[in-house]
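Protein chains in written order, with my numbering: chain Y, 1 to 162; chain X, 1 to 162; chain W, 1 to 162; chain C, 1 to 162.
Quick caveat, the hints were computed from the structure, so don't treat them as lab data.
Where a beta carbon is used, it is the ideal one built from N, C-alpha and C, also for glycine.
Check before you lean on any hint, since a few could be wrong.
[Unchecked claim] Selected chain Y positions facing chain X (in silico; Cβ < 7 Å):
(1) Thr-33
(2) Phe-90
(3) Gly-108
(4) Leu-110
(5) Ser-111
(6) Ala-114
(7) Ile-117
(8) Gly-120
(9) Glu-130
(10) Met-132
[To be verified] Below, computed lysine-lysine pairings styled on DSS-like, alpha-carbon distance capped at 25 Å:
(11) Lys-67(Y) / Lys-142(C)
(12) Lys-133(W) / Lys-32(X)
(13) Lys-13(W) / Lys-32(C)
(14) Lys-2(Y) / Lys-67(C)
(15) Lys-3(X) / Lys-142(W)
(16) Lys-54(Y) / Lys-3(Y)
(17) Lys-2(Y) / Lys-32(C)
(18) Lys-67(X) / Lys-67(C)
(19) Lys-133(W) / Lys-133(C)
(20) Lys-54(W) / Lys-133(W)
(21) Lys-131(Y) / Lys-131(X)
(22) Lys-142(W) / Lys-142(C)
(23) Lys-67(X) / Lys-2(W)
(24) Lys-69(Y) / Lys-32(C)
(25) Lys-133(W) / Lys-69(X)
(26) Lys-3(Y) / Lys-54(C)
Protein chains: 4
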Amino acid sequence: MKKIIGVMGPGEKQATQEDVECAFEIGKLVAKTDSVLLCGGMSGTMESSAKGAKEAGGLTVGIGPTKDKNDMNEYLDIPLLTGMHAGRNFMNVISSDILIFVSVGSPGTLSELAFAIQMGKPSIIIHGSEKMKDYINELSGKDIYFVDSLDELQIELNRLFQ
Amino acid sequence: MKKIIGVMGPGEKQATQEDVECAFEIGKLVAKTDSVLLCGGMSGTMESSAKGAKEAGGLTVGIGPTKDKNDMNEYLDIPLLTGMHAGRNFMNVISSDILIFVSVGSPGTLSELAFAIQMGKPSIIIHGSEKMKDYINELSGKDIYFVDSLDELQIELNRLFQ
Amino acid sequence: MKKIIGVMGPGEKQATQEDVECAFEIGKLVAKTDSVLLCGGMSGTMESSAKGAKEAGGLTVGIGPTKDKNDMNEYLDIPLLTGMHAGRNFMNVISSDILIFVSVGSPGTLSELAFAIQMGKPSIIIHGSEKMKDYINELSGKDIYFVDSLDELQIELNRLFQ
Amino acid sequence: MKKIIGVMGPGEKQATQEDVECAFEIGKLVAKTDSVLLCGGMSGTMESSAKGAKEAGGLTVGIGPTKDKNDMNEYLDIPLLTGMHAGRNFMNVISSDILIFVSVGSPGTLSELAFAIQMGKPSIIIHGSEKMKDYINELSGKDIYFVDSLDELQIELNRLFQ
Numbered sequence: 001m002k003k004i005i006g007v008m009g010p011g012e013k014q015a016t017q018e019d020v021e022c023a024f025e026i027g028k029l030v031a032k033t034d035s036v037l038l039c040g041g042m043s044g045t046m047e048s049s050a051k052g053a054k055e056a057g058g059l060t061v062g063i064g065p066t067k068d069k070n071d072m073n074e075y076l077d078i079p080l081l082t083g084m085h086a087g088r089n090f091m092n093v094i095s096s097d098i099l100i101f102v103s104v105g106s107p108g109t110l111s112e113l114a115f116a117i118q119m120g121k122p123s124i125i126i127h128g129s130e131k132m133k134d135y136i137n138e139l140s141g142k143d144i145y146f147v148d149s150l151d152e153l154q155i156e157l158n159r160l161f162q
Numbered sequence: 001m002k003k004i005i006g007v008m009g010p011g012e013k014q015a016t017q018e019d020v021e022c023a024f025e026i027g028k029l030v031a032k033t034d035s036v037l038l039c040g041g042m043s044g045t046m047e048s049s050a051k052g053a054k055e056a057g058g059l060t061v062g063i064g065p066t067k068d069k070n071d072m073n074e075y076l077d078i079p080l081l082t083g084m085h086a087g088r089n090f091m092n093v094i095s096s097d098i099l100i101f102v103s104v105g106s107p108g109t110l111s112e113l114a115f116a117i118q119m120g121k122p123s124i125i126i127h128g129s130e131k132m133k134d135y136i137n138e139l140s141g142k143d144i145y146f147v148d149s150l151d152e153l154q155i156e157l158n159r160l161f162q
Numbered sequence: 001m002k003k004i005i006g007v008m009g010p011g012e013k014q015a016t017q018e019d020v021e022c023a024f025e026i027g028k029l030v031a032k033t034d035s036v037l038l039c040g041g042m043s044g045t046m047e048s049s050a051k052g053a054k055e056a057g058g059l060t061v062g063i064g065p066t067k068d069k070n071d072m073n074e075y076l077d078i079p080l081l082t083g084m085h086a087g088r089n090f091m092n093v094i095s096s097d098i099l100i101f102v103s104v105g106s107p108g109t110l111s112e113l114a115f116a117i118q119m120g121k122p123s124i125i126i127h128g129s130e131k132m133k134d135y136i137n138e139l140s141g142k143d144i145y146f147v148d149s150l151d152e153l154q155i156e157l158n159r160l161f162q
Numbered sequence: 001m002k003k004i005i006g007v008m009g010p011g012e013k014q015a016t017q018e019d020v021e022c023a024f025e026i027g028k029l030v031a032k033t034d035s036v037l038l039c040g041g042m043s044g045t046m047e048s049s050a051k052g053a054k055e056a057g058g059l060t061v062g063i064g065p066t067k068d069k070n071d072m073n074e075y076l077d078i079p080l081l082t083g084m085h086a087g088r089n090f091m092n093v094i095s096s097d098i099l100i101f102v103s104v105g106s107p108g109t110l111s112e113l114a115f116a117i118q119m120g121k122p123s124i125i126i127h128g129s130e131k132m133k134d135y136i137n138e139l140s141g142k143d144i145y146f147v148d149s150l151d152e153l154q155i156e157l158n159r160l161f162q
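Chain Y extracted, bound-state conformation (with noise of 0.2 Å):
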């Protein structure tokens, strides 16, 4: 079995262009470990870290939430559907051994990163604000890790892989 990490993260109506390219680097990041790039199979920064996954030379898989594969972005090894919406993001978290978190500036990824602390899945959280990082670590500090950098991202990912 392959460990899968999911990189959560806002689609195009809700990403900035800096967490489209920041999703993007760390679909590359995720390739190189070895691991299966699991996100939400949309757009935005869900196709950008499909895409970077690829070109690094992984293996992606995304669990959309529509009934039709056409809906999907095209750097999905396995396009997978669930016709159930939002409630697909349960699953997103659930089937993810490692999560990354793109911000968690939209409420469809905060859904996500809480079910995340719920299932009490490590999670590393890049570029979130300092109101969100306040409430979160009111909330639960365990599993969860605050980067502010694609390095920083870099060594907590190598030190949950040990």
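Dock chains X, W and C against chain Y, hints included.
Frame of chain Y, contents of chains X, W and C only:
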């Protein structure tokens, strides 16, 4: 069709005594609006909100995470099952017309708040921490109402019913 | 807790006139047992069973496949949503204490019958074809009752309530 | 994107020795089409189909019903979880481009066949009973192919790939 008010809050492991008592009073308020009370069906605030609604003559529905009705509290007129664990949180939110959150001090409740924001459901949060308010306001101020007492909650609820 | 009787059958595209009329009468029978009628919330037999239950003073719950209550029929006291398309069929079955199937002439209804057999839920099938009976009996004769008239259905329902 | 072929059949409690051996050979055939094998992730035919695919150099995905990867078989490259019990059957079907059913002798497999018919997914059924064929043909003859041997299955699979 009756209006459905979802009351979301922690189970007995994570609920404080104040949460449980507050949920009981919220249950009574919900019943007095002649709405159906919807909750997650289990213990803690879920049980006490249903108990409060029954005491005030209301109708109570629970959407539970397990496969067995014996897991659910005894104050539910209509105990529904999903077998989906916390995946059922999405259903609690999408089925509610209005949501009331008790404190948002547990990740399960946070996942429900995140879905409510994503769906644009009118939501009242009672006894939220300052850090939670700061972050949620940063994420989205839309249709989210923070209150610190049952009197304020009653006022917001009346306003939503106009 | 009230007993929940699920009435499962096709929507308006696949239901015959006989199915729709039969479901209406089943709704009335369910209401007279003082049980809650649970259905899939949409048109066809789902609508007419809820209409029948309301005419007989019953309480009706629908678990719908879409994200919008406006898609659901008007005879539901408690319209619940899942946004899960036919994935919600599992929930209809697991939430019911007893199931009544109208003819099983559509694949959606068949998926619900299959789940009912899997969970060992007592199930009455009215107006099933001979071929369906032969196959279902081969798969499992346990707790599955075939009836050809509303009178026979009433007898089986009484027996299940003893 | 790779094509996904779902192989659906009973777990070890309900599978016959013939079912298990047949699923193993199906797994090999699927791998030779260069498609991804998707299964329910557990024991019995699910395990042997994945084992067969791995022996032939294929890629295997499981969508499991539980919350724990340790419940899943060891021949899965990508073990995904849902925590949804048999509610996950819907996902197995909606995610597959083509489905192969081993015998349809258990209600879980029947629920998956019912969903496949509802979604119009091309489906091959091997070793189905005469009674099952009669009923399924009555329900829908569309895109459902009955075969009695692996050779016939191979022919149908080739045809679907043209």
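Structure versus earlier hints, numbers of those that do not hold, lowest first: Of the numbered hints given earlier, those the structure breaks are 1, 8, 9, 12, 13, 15, 20, 22, 25, listed in rising order.
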